[in-house]
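Chemist: Protein chains in written order, with full-length UniProt numbering: chain A, 1 to 341; chain B, 1 to 341; chain C, 1 to 341.
Any given hint might turn out to be false.
Listed below are several chain C residues computed to face chain B (Cβ distance under 10 Å; list not exhaustive) [said to hold, decoys possible]:
1) A66
2) L110
3) I115
4) I118
5) L138
6) G139
7) V173
8) L281
Okay, derived cross-link-like pairs now, SDA-like style, lysine to any residue, Cα gap no bigger than 20 Å in a straight line [what the hints assert, rightly or not]:
9) B:K65 / B:F33
10) A:K65 / C:A305
11) C:K65 / B:P308
12) B:K65 / A:V10
13) A:K65 / C:A311
14) B:K65 / A:N256
15) A:K65 / A:H117
16) B:K65 / A:R309
Treat the hints as calculated values from the structure; they're not laboratory data. Glycine residues also receive a C-beta, built at the ideal position from the N, C-alpha and C atoms.
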Amino acid sequence: MFQMRSAPAVRFAVYVLRGIGQVMLQDNFITGFLFLVGIFVSSWVSGLYALLGTVVSTWTAIFLKAPANEVDAGIYGFNGTLTGLALAAYLSHGIALIVFVIIASMFVALTTAAIRHIAGPRGHALTAPFVITTWIFLGALIVYLGLPNAGAAEPLQQPSYAAALTRLSALDVILGILNGPAQVMLQENPWTGAIFLVAIAFNSRVSCLAALLGSAIGVGVGWYMGGTPHSIHQGLFGFNGVLTAIVLGGILFLLNRTTVLLTVLGVYVSTVLFGSLVVILKPLALPALTAPFVLVTWVYVLACAKFPRLASLVVVSPGTPEGNLRAARDPLVEKEQGEVP
Amino acid sequence: MFQMRSAPAVRFAVYVLRGIGQVMLQDNFITGFLFLVGIFVSSWVSGLYALLGTVVSTWTAIFLKAPANEVDAGIYGFNGTLTGLALAAYLSHGIALIVFVIIASMFVALTTAAIRHIAGPRGHALTAPFVITTWIFLGALIVYLGLPNAGAAEPLQQPSYAAALTRLSALDVILGILNGPAQVMLQENPWTGAIFLVAIAFNSRVSCLAALLGSAIGVGVGWYMGGTPHSIHQGLFGFNGVLTAIVLGGILFLLNRTTVLLTVLGVYVSTVLFGSLVVILKPLALPALTAPFVLVTWVYVLACAKFPRLASLVVVSPGTPEGNLRAARDPLVEKEQGEVP
Amino acid sequence: MFQMRSAPAVRFAVYVLRGIGQVMLQDNFITGFLFLVGIFVSSWVSGLYALLGTVVSTWTAIFLKAPANEVDAGIYGFNGTLTGLALAAYLSHGIALIVFVIIASMFVALTTAAIRHIAGPRGHALTAPFVITTWIFLGALIVYLGLPNAGAAEPLQQPSYAAALTRLSALDVILGILNGPAQVMLQENPWTGAIFLVAIAFNSRVSCLAALLGSAIGVGVGWYMGGTPHSIHQGLFGFNGVLTAIVLGGILFLLNRTTVLLTVLGVYVSTVLFGSLVVILKPLALPALTAPFVLVTWVYVLACAKFPRLASLVVVSPGTPEGNLRAARDPLVEKEQGEVP
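Here chain A stands alone, though its shape is the one from the complex (with noise of 0.2 Å):
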C-alpha cells in the first residue's frame, strides 16, 4: 500500500533500504534505515559506499527488469550492500575505489540473479553473490594498491590465534558479543552492533535474541580455538553466528526444541569452519566473509529432502519467526508474508 501511492524516489528509497535490512535478513525498510544509522556511526565513509552499493545493485536489476515483488523485498539490494562495505574495508579510498564499488555492484546484481537461478524456487542465494564479486574483486585489488606479493598482503580484520588457550575479561566478552553483528556489515564498534540489535527487534525479537545468542556461541568457539582475546572482542569469530543463528532460528525453520538444538549446531559448524577458512585462505590472501554462514545454511536447507523431520520444519513462505509461528497455528489468518534472499 505504502509503495503505491508514493512517487517512484520514494518507492527506490524503500527497495534501497529494504535491501539493507535484509543483509540480515530483515524484510523491513525501517531496520534497513536503523542499520544504515548504525553504520554511519561507525564511520560515515563506510555508510556511503554501503549506500551507492545497494543504490547500484537494485537499480541493475531494476535496468534488467527484475520481478517487481523481488526488487521490493531488496532481494537485488544487500549483496551490493555488502559489496560496498567489504571494498572500502580493504581497500583504500578515492575516486579508483568509487568506480570498482559501481562496477562490481551491477556485477554483484547478475550474480545474484544467477545463484538464485541456481538455489531453485525451494533454495536461497543468501550472501554467496558479495562473497564471489568480493573474492574477485579483491584479489586483484590488493595487487593494484601495489601489495605485489600475495603472501605480504595483509588484510585488515582477520582473526589471529594463540598458541595455548587465553583468558578472556568479561570486557572481552560483552565487546565480543556486541561486536559480532556489527562485523556482519564489516565494522567494529559495539555502540553499531548495538543499533543493530535494536534495529532487529524491531522487525522480530526472537531474530534478535538468536542474533546475540548467535554472536555469544561465536565468541564462545573463537576462544575455544584459540582466538586471540583481541580477535574476540572484534567479534570477528561471531558475524557467521549471527546471521546462521538469525536464518536458521525460526526464519526457514518453524521454532521448536529441534529447531533449536539444530541451530545450535548449524552455528557451532559454522563458527569452526570460519576459523578454517582463515587459516586455509590465509596463503590465498583473501578473507573468509560469510562464505560459512552460506554454506551452512545451504547444507541444511537441502538435507530437508532426505529429512522428512527437518522438512516438516520448513516455512513455506518465510517471513518473521514469530509470523510464521502465528500462520503455522492459525493457517486461516493471513500471514504478512516476506520474502527471503
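Dock chains B and C against chain A, hints included.
Modeler: Then chains B and C, alone, in the frame of chain A:
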C-alpha cells in the same frame, strides 16, 4: 528378513556395520564387521573413533527420520566412519576430540543428505560429505592444536616426492599394494589391508580383484610421478585408486572390456589427481583425502547423459559386480539388490 | 551436405578442424584450419600437440557414441585442443608428455560430457573441461618434473605486477592487443594473433571486432591493475577478454546497445578476475587459464532466468552474431544454425 525379527539394538548394530562396509561400497554387514576387525588390528583407538563416527551419523539420520531403506543400507553411516577415522588420524586424542567427532558426525549426516539431494536419484554422494566435513574441522582444529601458521602445519601421512625417479624394492611394491586398501580407512598396516581384501572378497570377488588392481596402478603411477619409496609403501598413492576401481569396475557399470578400459583410465586419472591435490592443498595445510575418487566417479556418472555407450553399461539398481552381471543375463531372476551411496 | 559424400577420414578431419575452430566459438572448419596454421606459425611442436589433443578427444567421443551433430560441430574437440596446448606449454616435451596428452584428452572428452549435462540444454560447458583437466594434470606433473616444492614451481607465462602504474609504449599496446587472441591458444606471437583475427573474420566480422575489443579492454584493465609492460605486451591480460567478448557480444545474446554495454562489463570483470586468480592461484602453482571467461559467461547465462531484459536478448539457437541478427529480423528465412559448446 533378518532385521524384521531382531531387537532394535541388534538392528542398529547391523546398520552401523553396513555403514562401515559401505566405506568401500560393500552393502554387507559381515564385510563391515571384518573391516572393523581390520581397523582394530591396526589401532584399537582408531577402531573406537570409527565406531563413534558411524554410530553418531547413523543415529542423526534416524533422529531426522531418513528413509528406512537408506539407513538400513548404511548410507548415512560410512561418511561418519571416515570422519571419525580422519579426525583421529590428524588430531591429538582426548575428550576434546571425542566432542569434535560427535559434532562433526552429526553434521556429516546433514551433508550426506544435502549432497544426495544435489546428486539426484541416479547420482551418488560417495565420500564427498566426509571430505567436506573433515576439511571444515581440520583447518580450524589444526590451528587450535597450537600450530599458528598454516604453512607450518604438517598433517600426518602426506606423500613426499623425490627429485627423480627412485628404485622400488619388491617389498615396497607388495607393502604398497596391501597398504592401499588400508589407507582408505587412514591406516598403514599391511595386515589390515589384507583383512580388508578378504572382507571385500567375502561380498564380491570381482570387487576384491578391482581393489587389488586399483592399488597396484596407484603404486605404479605414484612411482612414475616421483613418489618416494616410503610414500609408496605407505599406500598413500593407492587408496583413491582402490575406491575408483571398486565403484567403476562392476558396481556402477556392467563389467565388460570397455568397462575395464574405462576403469583403468579412471584409476589412472584419480591417482594423478591425488598427486595434484597433495601439491595444490599443501599451502592450505589440507590433506587430499578421497576427493580424487569422488570427482572422477562423478565425471563418469554425469558423462553417461551424453555418451550412450557408457549409458548402456549403467546398472539401474547396482549390487555386487557378480549380481549385476547375473541380473543382466537373466532379467527374470530376482537380484539381491544393494544400495550404492 | 559436405560430410555426407565424404570418406570417413575426410569427415573426421572436418570434425577435428571444427573442434579447433570452436576454441574461439567459431563453428567453421576453415576458421579452424586457419587457427591451426596460426599455431604452426608460432610453434610447430605446439601445433602437433593441438592436433593430438583434438584428435584423441574427438575420437573418444565417437567411440563412446556421442550425438553425431555434436561431434560434427566440434563440441568434443576444442577442449582437447587446449589441453594439448596447455600441457605442451607448461611441461617439458618428450614421449612421456605425448602419453599424458593422450590420457588427458581422453578424460577431457568425459569431462565435457559431464559438464554439458550439468549445464543443461540451455547451458554451455565452454572451456571448463579444459581448465579442470589441465589443473588435474599440471599440479601433479609439475612435481614430477623435479620441482618438489609447489611454491618454487614457476609456470611459464604468468603475468607479473609492478608496484605502481607503468608507462606503456604504443608498441606494447599493439603487441598486447595482437597477442591477446594468440594467448587463447597459449601462444605469444603477434603474427599468430593476426592470423587468428583473420580466421575469425572469415566466419564473422562482428566476432573479429569483439575479439579486438576484448583484447584492447584487457590491455587497459591489465595496465590499470599494475601489470608490467612485459606481461601486457605478451597478451596475458587479454585472452579471457577475447573469449568473453566473442561469446557475449552477439553469439549468445542478440547484438544491441544493451548487449554492448553488458559485454563491456563482462570483459572488464573477466579481466579483473583473471588478475585475481593469478594472485590467488600463485601459492598453488596453478595458472588461471580461461577460468575467468567460463565463470563470467556462466553468470550471464544463469542470470537470464531472473532478468527478462537479458532473457529477451538470448539467441535460441546461436550461430554467428550476423546470422543471429538476420534470423531475428526475418524469422522466416532459415538460418544456418551453429552449435555453441
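Chemist: Each of the hints needs a verdict: does it hold here or not?
Modeler: For each hint, the structure was consulted:
{"no.": "1", "hint": "A66", "verdict": "holds (6 Å)"}
{"no.": "2", "hint": "L110", "verdict": "holds (4 Å)"}
{"no.": "3", "hint": "I115", "verdict": "holds (8 Å)"}
{"no.": "4", "hint": "I118", "verdict": "holds (6 Å)"}
{"no.": "5", "hint": "L138", "verdict": "holds (7 Å)"}
{"no.": "6", "hint": "G139", "verdict": "holds (3 Å)"}
{"no.": "7", "hint": "V173", "verdict": "violated (35 Å)"}
{"no.": "8", "hint": "L281", "verdict": "holds (9 Å)"}
{"no.": "9", "hint": "B:K65 / B:F33", "verdict": "violated (25 Å)"}
{"no.": "10", "hint": "A:K65 / C:A305", "verdict": "holds (11 Å)"}
{"no.": "11", "hint": "C:K65 / B:P308", "verdict": "holds (6 Å)"}
{"no.": "12", "hint": "B:K65 / A:V10", "verdict": "violated (49 Å)"}
{"no.": "13", "hint": "A:K65 / C:A311", "verdict": "holds (10 Å)"}
{"no.": "14", "hint": "B:K65 / A:N256", "verdict": "holds (17 Å)"}
{"no.": "15", "hint": "A:K65 / A:H117", "verdict": "holds (15 Å)"}
{"no.": "16", "hint": "B:K65 / A:R309", "verdict": "holds (6 Å)"}
Violated hints, in rising order: 7, 9 and 12; the structure is consistent with all others.
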